[in-house]
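Listed in order, the protein sequences are those of chains A and B.
Under the working numbering, the letters of the first sequence match residues 1398 to 2064, in that order.
Under the working numbering, the letters of the second sequence match residues 20 to 317, in that order.
The reader is advised that the hints may include incorrect statements.
Unchecked claim - Here are some of the chain B residues that sit facing chain A, going by a computed Cβ distance under 7 angstroms:
| # | residue |
| --- | --- |
| 1 | R47 |
| 2 | R73 |
| 3 | P203 |
| 4 | A215 |
| 5 | A220 |
| 6 | G224 |
| 7 | M282 |
| 8 | R284 |
| 9 | R286 |
Claimed, not checked - Here are the in silico distance ranges between beta carbons for each label pair:
| # | chain 1 | residue 1 | chain 2 | residue 2 | range |
| --- | --- | --- | --- | --- | --- |
| 10 | A | V1828 | B | N289 | 36 to 42 angstroms |
| 11 | B | W293 | A | H1549 | 45 to 51 angstroms |
| 12 | A | D1529 | B | V225 | 47 to 53 angstroms |
| 13 | B | V117 | A | G1909 | 31 to 37 angstroms |
These are computed hints drawn from the structure, not numbers from a lab.
Backbone N, C-alpha and C define an ideal beta-carbon position, used for all residues, glycine too.
As a plain string of letters, each chain reads:
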Amino acid sequence: MITGARHGKLSGLRRLLATAMARDLKVFVIPGPDIARAHGLDINAAGLQMVASPRHASVLLVIGAIPPALREAATVIYAQMARPRALFVLGTNALLSPLPDADMTAELSQRDLIEGVQQLRQLFSAHAFRPDISDFDAPVLQIRLEYTCPMHPEVIQDEPGSCPKCGMTLVPRETQANMEHAHMEQQQTDSGTDVQMASTHEHQHMADDTPASVVYTCPMHPEVVQDEPGSCPKCGMFLEPREVKSESTHEHQHQHQHMADDTPAPVVYTCPMHPEVVQNEPGSCPKCGMTLVPRETQDTHEHGDTDSHANHTGMDHSAMNHDEMDFMSMVDVTKDLPRSTDGLPMEWIDAPFGPFFPGLPGGLLLSLTLDGDTVASSGALSLTESMNLLAHSPMDSTDFMEQLANMDPLTPVAYRLLACRALENAAGINVPADTARARAGALERERITSHLGWLTLFAQQTGFDWLMRRAGSLQLKFQHASLEQIVALKPAIQTLIKRLQRTLLLKSRTVGIGRLMPEATMRGPVARAAGLHDDARSADQTFTTLGFTPAGRKESDAFARLHVRLDEITHSLMLIEAAGAMESPTLLPVGTASGTGDATVETPRGPARLQLTLTHGQVSAAQLETPSTPHLDLVDPLMEQQELGDALVAVGSLDLSPWSSQQTFPQ
Amino acid sequence: MTTAVLLLLLAFGAYLVAVLENWATSGRFQLATPAFSALALLGRESVLPRKPDRIFFEVAPTLLLISAVLAAAVIPLTPNLIITDLATGALFINAALVYVLVALIMAGWGPNGAYAMIGGWRFLGQLIAYAMLIVMPITAVVMRAESLLTTQIVVSQAGLWNIVYQPVGFVLFFIAAMALAFLPPFDLTTAKGELAGGVEAEYSGVRLAVFRLGRLVLIITLAAATVVFYLGGWQGPWLPPWAWSAIKILAVTAIMLLAGRYMPRIREANLLSWCWMFGIPLALLNIFLVGVLVLVFS
Chain A
1398 MITGARHGKL SGLRRLLATA MARDLKVFVI PGPDIARAHG LDINAAGLQM
1448 VASPRHASVL LVIGAIPPAL REAATVIYAQ MARPRALFVL GTNALLSPLP
1498 DADMTAELSQ RDLIEGVQQL RQLFSAHAFR PDISDFDAPV LQIRLEYTCP
1548 MHPEVIQDEP GSCPKCGMTL VPRETQANME HAHMEQQQTD SGTDVQMAST
1598 HEHQHMADDT PASVVYTCPM HPEVVQDEPG SCPKCGMFLE PREVKSESTH
1648 EHQHQHQHMA DDTPAPVVYT CPMHPEVVQN EPGSCPKCGM TLVPRETQDT
1698 HEHGDTDSHA NHTGMDHSAM NHDEMDFMSM VDVTKDLPRS TDGLPMEWID
1748 APFGPFFPGL PGGLLLSLTL DGDTVASSGA LSLTESMNLL AHSPMDSTDF
1798 MEQLANMDPL TPVAYRLLAC RALENAAGIN VPADTARARA GALERERITS
1848 HLGWLTLFAQ QTGFDWLMRR AGSLQLKFQH ASLEQIVALK PAIQTLIKRL
1898 QRTLLLKSRT VGIGRLMPEA TMRGPVARAA GLHDDARSAD QTFTTLGFTP
1948 AGRKESDAFA RLHVRLDEIT HSLMLIEAAG AMESPTLLPV GTASGTGDAT
1998 VETPRGPARL QLTLTHGQVS AAQLETPSTP HLDLVDPLME QQELGDALVA
2048 VGSLDLSPWS SQQTFPQ
Chain B
20 MTTAVLLLLL AFGAYLVAVL ENWATSGRFQ LATPAFSALA LLGRESVLPR
70 KPDRIFFEVA PTLLLISAVL AAAVIPLTPN LIITDLATGA LFINAALVYV
120 LVALIMAGWG PNGAYAMIGG WRFLGQLIAY AMLIVMPITA VVMRAESLLT
170 TQIVVSQAGL WNIVYQPVGF VLFFIAAMAL AFLPPFDLTT AKGELAGGVE
220 AEYSGVRLAV FRLGRLVLII TLAAATVVFY LGGWQGPWLP PWAWSAIKIL
270 AVTAIMLLAG RYMPRIREAN LLSWCWMFGI PLALLNIFLV GVLVLVFS
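Let the sequences and hints guide you as you build the complete structure.
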């Protein structure tokens, strides 16, 4: 039985089609291929082919228990898939509501995945078609109708009716349930991204709270604007009232200027072909000899230089050629559209990228407002659950450590080590030097694994197939590799790095992309790519005796971050060899000690700091700082005004982990 | 009769391209896989997205296929195996392939989705980059052959293939052909990691099958055009003409499919600026050099 079977009886030709579909299973992975690899799963080797669009998938593979926000997003993905579709859940038996019941469940291991795929194939060939199917529905898929006025987009209501402002009949409009939902989510969280998100939405629902005033304008001559009713001096038509918002669009602003008599706008002269030529007197252009045209300057430059450029073209029309502007004035037609920085009015679209976008870490949602293919504004949000550090207080120290280790599936060892160190610090235990070395080895192995995982995601994003396969398979090999295996894998890493240095287009793809201002809050490899040599390992005696030196670059762009990570892979290999041992950290017995502990571990994404209070061997208070939390706030400045592809590379270069962001809990 | 044979060959060629593409992406050489993939696509539901532009959405995949098949009509596989030896053959290829752009913009606009739409407009932006680099190298090829007949173009390379006679033109045409077939690293319009499939993202089932078929035919047509214009078409020693055509076309296809695996996707801005700053001057230089050579040696 497959819940999402296709309608029809299995007979004749359909039997053949079902067999073909069973052989050709295309999978969409949730929360993402990065999480699959972090759990040691090789999806391609299991015979499933990963696809980028849910429409092309026949299997939805869910890995591990996922938080409610991601479940709802996954439900939308499931509904987008073409039937027959199956839900394959790994590693959890929990109900994934509002997703339907799983068609197949298995343990979280490669062997069980392969077995599950075999059974899925049988399911498909036997049950791909079914005569009695029902439509899949969930509250998150509902589309709500709302009514809005064609002239006053700020008027929105749930029932049909007429506009309170102009009396026109309201027209129905659909609001997408998942967009609505994303919006709700943003309101629930109390992070800084909220404000940015709200501002994005204002582009559509113009803010109602701005004061409006009424001016009178001619329907044929939009440049005629006055404060009182009357007739047009050009054509004699009655002027029509129009509401003006002080802040909404540039056109409105421009009328404001006309109305405000006490601030006369100074006139400058500029060349129609060379806008950079501006002078105070009339004359001709020194560049092309054309006669300069007068232009009013704006006193207020709140929207930046480029925007006032947009404004000036509008001014030109009204000042100079108003006689030719009667018919189909583009200024008039496009006056309510938002302006790009190049001054062109464009339809802006809101598009969510994530939380399961193929080129981004799984669980990360970017809400982009796109102006063509340029990002006008963006907001980043982690849809993973903000886990409470202390499920209950006081909490058993071992439980606490396990919980922290399971927080981020991308780097479990680093957070396990962090918990151990903080607890041992609180209990006043001195860790023997060889244990510390073995732990350092395990941490460095995870760093290699994590950086290789980042490389794979970068390759996936930029369509660099060879790197995706190579780095992906190396990541899986390194994950649980022994010392001997790591030594044996060293040449493969060196070849990979050498190959990357010779790769065509790689440099042009990354140089200058995602450049960060020096004052931005940066952590870990991102900081080290900006010339800051802060690395928690420099302060750690275990690492300094192993001969650790931090990697460093200065350019602070995607290229530098790529190279810092490659350098760190090489360094980590050396450190592992120097340490000569690797051992996943286990907590030394803390007994019934009391005290406060403070520890910092340089995770692959940067330093994570844990402060906790231990009372009689139990954790009573804890506070965690992770590198991804401040990095999440860098997303908007990085993406703004970038071409979409560049913007995604820039965000990717931060190596965000949605699983360990927003986790600060002051006690 | 010839038409039927050639259409069959074209379908067979498209299948081989699918095998090669599967080999390039998965690393496994499996002859049967594309057949199963195609059947599976036919078995799946073809979802109609919400509020589509129905005409654009339905027509786009078919138009892509038609455009590629039309261009294939003037490609000679042997001196006589050609659907129609048009007097304006070399230009006709270019004219037919213009509809690839139309098809992709329709496929981008039709489904009413952001990813698809950006993909479609990206292809339009790309056109400015590659279009001149298709036409200008063809001009130089035609100058040497002194004919627009594709068969005549092949005959003109009897002494020396154009890849040696005008290597600059070959490189430019090859790159532009890859961009026109939106093959990696020029797959800006279907970019998986940037647009989740772009123009393909909203197609499923039968419609996707037609779209993919159109793309495969487009790839093999462009490879065949490269062979006709630069690699001496059917000419070669020992083997019969059709065998040479087949070998050359498949070799060019394989290179086209494999090249993009080893580099990241090109930046849109770079593609445009490089094509204009280097591509077009080089194409002009190529025309000039060929003009001189033609004058000197004739």
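Status of the hints after comparison with the structure:
1. Look at B/R47: its Cβ only gets to about 10 angstroms from chain A, farther than 7 angstroms, so that hint breaks.
2. Among the interface hints, the one on B/R73 is violated; its C-beta lies about 17 angstroms from the nearest C-beta in chain A, farther than the 7 angstroms criterion.
3. Using the Cβ-Cβ criterion of 7 angstroms, the hint placing B/P203 at the interface with chain A is satisfied: the shortest such distance is roughly 5 angstroms.
4. Annotation: interface hint on B/A215 holds; nearest CB of chain A at approximately 5 angstroms, less than 7 angstroms.
5. Proximity of B/A220 to chain A holds as hinted, the smallest CB-CB distance being about 4 angstroms (cut-off 7 angstroms).
6. For B/G224, the interface hint holds, the least distance from its beta-carbon to any beta-carbon of chain A being 6 angstroms, beneath 7 angstroms.
7. Because the beta carbon of B/M282 sits about 5 angstroms from the nearest beta carbon in chain A, less than 7 angstroms, this interface hint is met.
8. Interface hint at B/R284: satisfied, since its Cβ lies 4 angstroms from the closest Cβ of chain A, which is below the 7 angstroms cut-off.
9. For the restraint placing B/R286 at the interface with chain A, the shortest Cβ-Cβ distance is roughly 6 angstroms, inside the 7 angstroms limit, so the hint holds.
10. For A/V1828 and B/N289, the Cβ-Cβ distance of about 51 angstroms falls outside the hinted range of 36 to 42 angstroms, so the restraint is violated.
11. Between B/W293 and A/H1549 the beta carbons are some 47 angstroms apart, a value that agrees with the proposed interval 45 to 51 angstroms.
12. A hinted range of 47 to 53 angstroms is violated for the C-beta pair A/D1529 and B/V225, which are about 24 angstroms apart.
13. Range check, B/V117 to A/G1909: Cβ separation about 35 angstroms, and the 31 to 37 angstroms hint holds.
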